[in-house]
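Visitor: Spelled out from the first residue to the last, the chains are:
2 protein chains.
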Amino acid sequence: MTSLEAARARDAADPLRHYRDRFFLPLGTIYLDGNSLGVLPKATVERQRKVVAEEWGSELIRSWNSRGWIDAPARIGAKIARLIGAQPHEVIVADSVSVNLFKLIVAAAALSPDRPQILSEGGNFHTDLHIASGAAELAGKRLDVVERAAVRDALSGETNLLLLTHVHFKAGYRFDIKEVTARAKAAGAVTLWDLSHSAGAVPLHLNRDGAELAVGCGYKYLNGGPGAPAFLYVAEHLQERLIPPLRGWMGHAAPFDFTDYYVPAPGIARFLVGTPPILSLSALESGVESFDGVDMDALWVKSVQLFDLFAALASERCPELQCISPAEPEQRGSHISFRHPHAFEICQALIDAGVIGDFRAPDVIRFGLTPLYLGFEDIWQAVDRMADILDSRRWREPRFAVRGKVT
Amino acid sequence: MTSLEAARARDAADPLRHYRDRFFLPLGTIYLDGNSLGVLPKATVERQRKVVAEEWGSELIRSWNSRGWIDAPARIGAKIARLIGAQPHEVIVADSVSVNLFKLIVAAAALSPDRPQILSEGGNFHTDLHIASGAAELAGKRLDVVERAAVRDALSGETNLLLLTHVHFKAGYRFDIKEVTARAKAAGAVTLWDLSHSAGAVPLHLNRDGAELAVGCGYKYLNGGPGAPAFLYVAEHLQERLIPPLRGWMGHAAPFDFTDYYVPAPGIARFLVGTPPILSLSALESGVESFDGVDMDALWVKSVQLFDLFAALASERCPELQCISPAEPEQRGSHISFRHPHAFEICQALIDAGVIGDFRAPDVIRFGLTPLYLGFEDIWQAVDRMADILDSRRWREPRFAVRGKVT
Chain W
126 MTSLEAARAR DAADPLRHYR DRFFLPLGTI YLDGNSLGVL PKATVERQRK VVAEEWGSEL
186 IRSWNSRGWI DAPARIGAKI ARLIGAQPHE VIVADSVSVN LFKLIVAAAA LSPDRPQILS
246 EGGNFHTDLH IASGAAELAG KRLDVVERAA VRDALSGETN LLLLTHVHFK AGYRFDIKEV
306 TARAKAAGAV TLWDLSHSAG AVPLHLNRDG AELAVGCGYK YLNGGPGAPA FLYVAEHLQE
366 RLIPPLRGWM GHAAPFDFTD YYVPAPGIAR FLVGTPPILS LSALESGVES FDGVDMDALW
426 VKSVQLFDLF AALASERCPE LQCISPAEPE QRGSHISFRH PHAFEICQAL IDAGVIGDFR
486 APDVIRFGLT PLYLGFEDIW QAVDRMADIL DSRRWREPRF AVRGKVT
Chain V
126 MTSLEAARAR DAADPLRHYR DRFFLPLGTI YLDGNSLGVL PKATVERQRK VVAEEWGSEL
186 IRSWNSRGWI DAPARIGAKI ARLIGAQPHE VIVADSVSVN LFKLIVAAAA LSPDRPQILS
246 EGGNFHTDLH IASGAAELAG KRLDVVERAA VRDALSGETN LLLLTHVHFK AGYRFDIKEV
306 TARAKAAGAV TLWDLSHSAG AVPLHLNRDG AELAVGCGYK YLNGGPGAPA FLYVAEHLQE
366 RLIPPLRGWM GHAAPFDFTD YYVPAPGIAR FLVGTPPILS LSALESGVES FDGVDMDALW
426 VKSVQLFDLF AALASERCPE LQCISPAEPE QRGSHISFRH PHAFEICQAL IDAGVIGDFR
486 APDVIRFGLT PLYLGFEDIW QAVDRMADIL DSRRWREPRF AVRGKVT
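As given, the protein sequences belong to chains W and V, one line each in that order. Counting from 1, position 299 in the first sequence corresponds to residue 424 in our numbering; the numbering is continuous, with no gaps. Counting from 1, position 62 in the second sequence corresponds to residue 187 in our numbering; the numbering is continuous, with no gaps.
Treat the hints as calculated values from the structure; they're not laboratory data.
Residues of chain V placed beyond 10 Å of chain W at every Cβ, according to the derived structure: (1) R147; (2) S237; (3) P238; (4) D239; (5) G282; (6) V426; (7) R464.
Simulated coverage check for chain V against chain W, where a stretch passes if three residues somewhere in it have a Cβ under 8 Å from a Cβ of chain W: (8) 156-164; (9) 215-223; (10) 244-253; (11) 342-351; (12) 359-372; (13) 403-417.
Cβ-to-Cβ under 10 Å is the rule here; a few derived chain V residues that face chain W: (14) E180; (15) T384; (16) I476.
Predicted model only: the values in this text are computed from it and were never measured. Just so you know, even glycine gets a beta-carbon here, dropped at the ideal spot from N, CA and C.
Build the full structure now, drawing on both the sequences and the hints.
Guide: The structure is reproduced here in structure tokens:
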């Protein structure tokens with residue numbers, strides 16, 4: 126089952142194989158970094174040309190209405206909603222993940238003014254912790270950061286908000302949204318999920334699982350382009366209870382009445398702030414549309430298969446690599462990570478050999494498994510090149526030790 | 126001096142005339158809304174194609190370094206610095222005007238913790254007031270909003286921050302940055318200027334005039350495209366004294382060390398938050414580069430001439446319009462506004478006649494005078510069509526009274 130022929134046969138039989146044709150995949154490269162920056166959908170090229178030349182260049186200011194720019198944040202949010210198991214009016218596109226985290230942390234602080242604690246995980250993606258520290262200070266809360274294993278027990282009558290990343294950016298450990306949210310709720314706390322490393326690859330059923338608040342990234346699995354705007358999710362029952370700390374005109378109940386006084390827009394729209402970056406937004410819309418017709422459960426099945434093949438091949442052919450991602454599918458995301466004392470040099474040698482993964486300090490190599498456009502042969506070829514680099518010790522070449530040179 | 130021939134002669138003699146060739150100007154349209162959304166620079170089209178197809182599509186994640194994406198916010202900021210009279214390291218591009226206002230208001234609150242007042246002007250652009258209200262609440266300050274004429278006298282030992290828009294979005298009244306900043310400083314307060322309606326058209330000498338904090342818009346006079354990212358300015362001497370409330374990884378001293386603890390980047394970079402939207406950012410860079418070689422003082426001289434011609438023609442041919450913009454050049458911006466009880470219908474009839482201006486509730490028509498690409502004949506033709514609409518009473522046609530139909 127780990128031969129090249131077997132991988133090819135699986136690609137030939139893969140019912141999702143045709144989705145690959147929706148994307149430009151760089152020639153001669155195996156791109157295992159779609160969890161950091163997703164690839165370019167073919168539809169985006171023409172869409173961007175049109176937005177620039179026609180909508181901006183010719184229609185100019187009129188496009189805010191005639192081409193639906195003003196509705197883009199809600200329209201794209203509704204499309205993302207399907208991918209994460211939410212109702213269309215519970216998701217909106219705005220700003221960056223970091224800014225959206227700030228909005229929701231500060232807004233949620235008022236839900237239980239007498240509870241002083243914001244709780245998160247040490248080693249969480251650092252922007253989450255940094256943003257939380259600033260938000261906590263302003264909201265008069267205390268940010269407590271505990272080890273992953275201690276998170277559940279640290280919930281108490283003091284906890285206002287539990288801030289967690291669904292799939293950990295490094296090893297790919299995944300929390301059970303349903304179980305953790307319920308536990309936090311039982312303690313009287315609200316949970317804010319960062320879906321950056323899950324939306325678009327890992328099964329998400331926010332409504333079914335009782336999720337209340339979430340943010341997520343547009344430029345990873347959603348293929349929205351470099352630095353694409355982010356999204357945020359607020360469960361319907363909470364929307365009218367949250368007052369955003371960032372009160373911009375796009376989130377005002379009547380943006381074009383130009384009143385001195387702030388009245389939040391009804392529903393999720395109140396979390397908009399300034400004028401959204403339309404060029405980046407429209408690329409995000411194309412990226413999200415690259416999921417049109419895709420069965421998200423089938424996509425996850427394929428992710429699991431890609432992971433299992435990668436793990437089996439690596440264990441067979443690269444025994445010096447230590448896989449640090451969970452073996453159980455329900456405990457992991459859609460990337461696989463390995464530890465090696467020379468992870469940096471190996472990562473550089475891989476890039477030199479046309480296999481693009483990520484180095485994560487101090488000793489981790491991470492490979493994104495994007496089931497929408499990667500095949501089984503891609504995995505086989507990647508591990509084959511990696512085995513060759515390890516067997517030949519080619520990563521010891523001095524050029525691979527120079528930071529910032531090869532990439 | 127107000128004949129069509131005279132206007133044409135002035136265009137022929139205009140030393141800035143050739144800059145017009147840098148832009149796509151919509152055929153058959155006189156676009157007087159560049160103060161709301163600037164036109165498309167020709168260079169942007171090829172630049173966007175390249176960013177999408179080559180940088181994202183082919184180079185993918187590597188472009189963060191190889192194509193300079195990671196440096197774009199500071200690089201573009203430095204280019205804007207020349208246009209506003211600042212040092213290159215005092216300006217950075219990030220987020221939206223609204224989000225940047227929030228960052229600076231909250232950060233500045235700590236400069237004088239014992240002063241409870243944030244002071245602003247009633248009728249200021251509403252997002253500024255809304256953002257300030259949210260920021261004030263979180264920072265434990267009080268937002269006091271007074272009439273424009275009362276601003277100077279309202280400064281006191283209680284004032285922490287004075288928040289003003291340099292050029293008013295409606296009538297175009299302009300504050301004297303030097304005089305007002307000095308007066309606020311004498312009262313012990315810091316001043317935050319919103320340059321949205323001035324940067325790229327109105328003379329700005331932030332350093333010379335002692336400006337300490339400012340934000341500005343990328344999509345108006347800077348031609349950065351719809352919803353282009355905004356910029357912020359922090360005078361060198363204040364940079365290390367301000368701690369941003371939005372602590373994202375891009376503003377961290379070592380973004381790729383992935384530490385749990387926040388350490389602000391040195392200098393202006395600490396005001397970055399999340400991953401910047403590269404497609405919109407690169408369009409902004411093209412927009413800012415459309416000012417390459419442009420003498421900003423000469424540009425202002427032309428703006429004054431365009432305004433004076435517009436005012437003279439309108440007074441002569443459209444006497445029922447009441448000009449509400451200041452007559453004195455040093456008191457105004459680069460747009461001209463008129464009052465009329467049927468401003469809305471007239472604005473719609475103008476659009477129908479190919480003259481695009483802005484209606485601002487309840488009774489104002491506003492025309493942006495963008496000296497980089499508008500000529501004297503454009504002004505003549507615009508007023509000619511407006512006179513025709515007024516004389517013929519064509520704006521009374523029922524279709525022009527329907528909101529959102531004609532645009």
